[in-house]
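Colleague: Listed here are the chains, written in short residue letters.
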Amino acid sequence: MKGTYLGEFEEVVLLAVAIRAGDAYGAAVVNEIEQQMGRSVNLGAVHSALNRLQEKGLVSSEMGGMTAERGGRRKRLYSVTAYGRRALEEIRQLRNQMWDAIPGTAWGQLNMQ
Amino acid sequence: MNPRPIEPPRWATHLLHLFLPDHRAEELEGDLNELFQQRIHEVGVAQARWRYVRDVASLLRPSLIKREQYDYHRPTNTTMLRNYFKVAFRNLTKYKGYSAINIAGLATGMAVALLIGLWVWNEFAYNKGYANYDRIALVMQNQTFDDGVKTWTGQAMQLGPELKSSYGSHFKYVATAEYPGNHLLMLGTKKITSIGNFMEPDITEMLALKMLKGTRSGLTDPSSILLSETTAKSLFGDTDPLNKTITLDKKWAVKVTGVYADLPANSTFQELTFIAPFALKKKDLPEWLGWGNSWFQTFVQIADNTTMETVSVAIKDAKLNKVKNSDDARFKPVVFLLPMSRWHLYSEFKEGINVGGQIQYVRLFSLIGFFVLLLACINFMNLSTARSEKRAREVGVRKAIGSVRQQIMLQFFSESLLIVCISFVLALLFVVLCLPAFNAVANRHIAMPWSNPLFWIVAIGFSLFTSFIAGSYPAIYLSSFQPVKVLKGTFRVGRFAALPRKVLVVIQFTVSITLIIGTLIVFQQIEFAKNRPVGYSRANLVSIPIRSDALITRFATFRDELLNTGVIEEVAATDSPVTNTGVTNSGFDWRGKIPNSADEFVTLRVTHEFGKMVNWQIKEGRDFSKEFTTDSTGFVLNEAAVAYMGLKKPIGEIVKWGDQSFKVIGVVKNLITQSPYDPVRQTIFVINYKRLNLITFKINPTKSASEALAKVETIYKRYDPDNSFDYKFVDQEYAKKFGEEERIGKLASFFAILAIFISCLGLFGLASFVMEQRTKEIGIRKVMGASVSNLWQLLSKDFVLLVIISLFIAIPATWYYMQNWVQQYTYHTEISWWIFALSGFGALLITLLTVSFQSVKAALMNPIKSLRSE
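Sequence lines, in order, name chains D and V.
Heads up: the first sequence is residues 1 to 113, going by full-length UniProt numbering.
Heads up: the second sequence is residues 1 to 870, going by full-length UniProt numbering.
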């Protein structure tokens, strides 16, 4: 279905939200992704992905409290919904299933060359 | 202690707030700030700033800019305005056909008006580049001859000094000058031919030459020359030209005493690439030049404390006082000033009175531009009011909710403003694309004045004005609806609601038909003048100017050499071009002449074979012949001259010219050597082998012209190695006589086609609207048995009637106006009835085609479909 399709980057963002459970806001997600993947990402890309994820119902959000480090600005905290969790699990399962289906000879043949 | 926190780039933050909705901006700024502070430690301030900016840029994406809801209250005014634009935009996209018609029509109209506006602006800017624009004048003279007052730009060389000595207090500067012409400039072996003039030193102050090198007073040295920047560059390259000696026309060694910035384009002197002292030329002029030889131009700059009119009146007898006791007094010369501001637009005189000139065309095209724009506005008004019924409910609802009339008017004005803005952008695009072609036809170098603030003020003012005019009718009309009636559904547009629309259609077609008939008559007049018997043959004739004395002294051998090539049939020389005889003489005497009458003849000095070459038609007597040595004192007259002199038997008559007696040996049929619109003037042909200015030869028609020209050039180079071989085809020169009229005709027809196009566009939109309205009626008629052709007649009738009314208005108006126009040409066509019939028929046909497209569509429609909906 159209709504359940997850792009590669969306998947990464969704995973990052899950990792930072309870404290997942824009900047934190950026940090998480940069740490995990070792590449820099744009805040805009992250926010638009979060936006899309929310529209698809994979994450939910609420405004969190103010903190001094953000100059008194509030942050929007994201959390993975049950539907989001299922989507992640499905992806993982699909991957595993496909990994399992790879015959042992595949690597062997490659090594021979 | 904490140091002062490092701030991220503030402008980027501003950008964020400008574009993103507030509820998002807060959280995003928080994120940005946090990341920024963190990155300062990780990668340093500069890198952190750079990332901050990049993040902001990445946040400005549509999905984030999109506003979800309005959290804050906005002033009602802007909301309403935005609503107006939104409704306008929805209307535009909902009725794509109407919108396209509206915008296309308006854009075309505006483009035409813009184009014409630019041209008119350019015409009025002519010569304005000179600092002393309003103080400079050319001295002109009116002389009364037997056949009317003639106005000349030429003056005797004695006039300038006379003005200085006797009328000195009126003038700041006076400068006598030659007429500009091609001259040869040589520096060592380097030669260039360029246009220049011999002028008295005062001209440099008068034109306020901007000296790049040397001074204006450089011209006072009688063997000096001032070069324009371009000439100096092409002659000297990058070396300093000052005080170098160059040779002018292989006659004079002159020293470069100054270099002036090129004279302003779009001006009388724009082509003046060098100025040499008049004194230089003066030495070579014949001694006998007197007040009777108006061979020169006299430019003046009037004194600071006086006016053109005062000076003009003061100097009127300047010449007459000097010629009182000579023959020239007969012509009653009146000297007057033609101010520089009038040189370009008001240069034509008839019977000594200024009758305008180019200004006629400026007026004509301004009028056309205005009308074309008017047509486009009418389209807009008609389509908007026609659709008003569809929008009556909207107006009703708005009024019921509480809109007052002014607000609804504002709404319709903002709608028209939107359409005008779109059209204006399209019109600009159109003008930019058309300008090169327009320049080619109009023979101008007009550029888009993008950087001129005045242009923008005018353009924006003009757009506002157009949207006001175009929007006023729907605004006033629609806002007058009564909400109760509209909403109850009893609202019916009255019987007369369509009347103004009809009147506007009639105006549109009247204008279009007038333009088309006018254009056709212009072309008929040109065609008429072209078909006039010319009296000589121009085919295969080529003329070259004589710039070297060798061509005059050794003319006979030159001619023999050309004939020996076998590609040239005949060679002859004249003092002025046969297509443009400019030399006139007076002081002839013959039997039967009214004593002391002021006679004037066109004279053409020719060599023996001239007549044979141009193939003139001898009516009486014989052509010049080398067999009769007495022919050197013989005259050949044209028919006009015989009539002018009143000779019964012209052959053998003796005519005295000054002290010399000439015998008339032949009479030829009239040759058109001047304007093809005027009667042929009395002309005398006379043999002369000295005062010759150009050589004309006839190429053997069986040989190729390019081959012949190459052969002639090699021979020519032996006689005149320095000058370039500039040849002109006589038939092309003759065709140039129609250039101005043809240019006007072409432009006018272009605009006429646009006018009819715009009108038809409007009609098309209107027709489609009416058909839509009458869908049900048509359906019922069809059910009752009406045939397609019945319906077609019924639907087309109304529109055809409007066009017929327009015809009845346009035809007499055009006939009257164009009758006056053709009258200004002495030799003019009779306006024939078929032009009116043809244009009337054409207009009806176009209307029928336009309307039929819609009416046939409506008539063919299946009544089931149109009646089912209720």
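It is possible that part of the hints are untrue.
[Stated by the list, open to error] Cβ-Cβ distance ranges computed for the label pairs, FRET-style:
(1) D/Gly65 / V/Met80: 37 to 47 angstroms
(2) V/Arg54 / D/Arg86: 51 to 61 angstroms
(3) V/Met80 / D/Glu90: 45 to 55 angstroms
(4) D/Arg86 / V/Met80: 44 to 54 angstroms
(5) V/Ile457 / D/Gln36: 58 to 68 angstroms
[Said to hold, decoys possible] Interface residues of chain V toward chain D, partial, derived using beta-carbon atoms under 7 angstroms:
(6) Glu27
(7) Gly30
(8) Leu35
(9) Arg61
(10) Glu178
(11) Ser586
(12) Asp589
Keep in mind the hints are simulated off the structure, nothing from the lab.
Computed from a prediction, not measured in an experiment: that's the story for all the values here.
Backbone N, C-alpha and C fix where the C-beta goes; we use that ideal spot for every residue, glycine too.
Colleague: Decide, hint by hint, whether the structure agrees.
Modeller: Against the structure, the hints:
Take D/Gly65 and V/Met80: their Cβ atoms lie about 39 angstroms apart, and the range 37 to 47 angstroms holds. The hint said 51 to 61 angstroms for the Cβ distance between V/Arg54 and D/Arg86, and at roughly 35 angstroms that hint is violated. Take V/Met80 and D/Glu90: their Cβ atoms lie about 50 angstroms apart, and the range 45 to 55 angstroms holds. In this structure the hint that D/Arg86 and V/Met80 lie 44 to 54 angstroms apart at CB holds, the actual value being about 48 angstroms.
Take V/Ile457 and D/Gln36: their Cβ atoms lie about 60 angstroms apart, and the range 58 to 68 angstroms holds. Evaluation of the V/Glu27 hint against chain D yields a held restraint, the C-beta minimum of about 5 angstroms falling below 7 angstroms. Interface hint status for V/Gly30: upheld, as the beta-carbon distance to the closest one in chain D is roughly 4 angstroms, under 7 angstroms. Taking 7 angstroms as the C-beta contact cut-off toward chain D, the hint placing V/Leu35 at the interface holds, the least distance being around 5 angstroms.
Residue-level restraint check for V/Arg61 holds (minimum Cβ-Cβ distance to chain D is 6 angstroms; threshold 7 angstroms). About 74 angstroms separates the beta-carbon of V/Glu178 from the nearest beta-carbon of chain D, more than 7 angstroms, and the hint is not met. Using the Cβ-Cβ criterion of 7 angstroms, the hint placing V/Ser586 at the interface with chain D is not satisfied: the shortest such distance is roughly 90 angstroms. For V/Asp589, the suggested interface contact is broken, since its CB lies about 100 angstroms from the closest CB of chain D, more than 7 angstroms.
Figure legend: structure checked against the earlier numbered hints; hints not met, in rising order: 2, 10, 11 and 12.
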